[in-house]
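Protein chains: 2
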Amino acid sequence: MEFFEVVKKRHSIRAFQKKKIEEEKIQKLLEVANSAPSAGDLQAYQIFLVKDEKKKENLAKASWDQDFIAQAPIDLVFCIDPLRSAQRYGKRGETLYSIQDATISCAYVHLAAVDLGLGSVIVGAFDEAEVSRIIDIPLTLRPIIILPIGYPDEKPEKTPRRSLDDLVSEI
Amino acid sequence: MEFFEVVKKRHSIRAFQKKKIEEEKIQKLLEVANSAPSAGDLQAYQIFLVKDEKKKENLAKASWDQDFIAQAPIDLVFCIDPLRSAQRYGKRGETLYSIQDATISCAYVHLAAVDLGLGSVIVGAFDEAEVSRIIDIPLTLRPIIILPIGYPDEKPEKTPRRSLDDLVSEI
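Residue numbers (the numbering used here), protein chains in the order written: chain A, 1 to 171; chain B, 1 to 171.
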């Protein structure tokens, strides 16, 4: 699909068909994630691919019952690794670059999903400690995004945007 | 251009031709920025489009002499507006969502530039207070990214990536 068409067709999808995602598509999504730019090419994050039904249900509960997280055939949990960036960039790596690295990677997957006929939504509202426990990660990692992905079962309306005049200033 | 081709051709571009960017292309980039998803559709950031030669030179100096910031025909400065997100989401909006909102928007522009034959690089290393002074923003805003954009004057090599096995765990 053309790049600008992908951008135009992108929505936050919160309802998924039961249909599984083909392994080749999952692979493609992960490769796109891995191709995203990061500060100093450090890629200061880890991605956890969750397919296990029980774990997905627990992730949904830890996200204040956003049930589509359990409904989606897969969830990607993006966890920042602040120390990985801090070793080179100090505080700025720890508190900014690591968040940006993971977020850019997630944004790439969210867009790529559209091209593959899939949908997803970037979820930030969850209990981090509980998610960490569910996916059993070390204390050095911090989950910041859950991205449920699947074949869409809804066609959401376009959401509102600020006017360009409000968002952008030329100086 | 096909979406996956855009992703594949994307590089961090740090050398730009003198050639100006057509206004329609700048407009397209800003519209893509504005189409990016954000927490609660709040778009907790502001974008400053800098064309002024003197200001670009000062931005380059404030970025520890990353001269390509002055060389690029335009720079976009992405500033988070933490309070805009905090009003609804509290601390999480202030310290996480606002950064993510601005970063996703910037990631979209960085990709869209490739489709338009342009190049850019996501710059995070600069003196925030100095950049704030140069673009003359209120204290409620915080600049987190400078994105210099222009026609590329280099074809960089592919930069290294972690292996997928290292980056991703299936659980």
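Hints may be right or wrong, so weigh each one.
Copies of the same chain look alike in the list, so a pair counts if it works inside one copy or between any two.
Unchecked claim - Below 25 Å or equal to it, Euclidean Cα-Cα: the simulated PhoX-like pairs (lysine-lysine) are:
no.	residue 1	residue 2
1	K55	K91
2	K91	K28
3	K28	K9
4	K8	K158
No lab work stands behind these hints: they were computed from the structure. Every value quoted in this text rests on a predicted model; they were computed, and no experiment measured them.
So, against the hints stated earlier in the document, which numbers end up violated here?
1, 2
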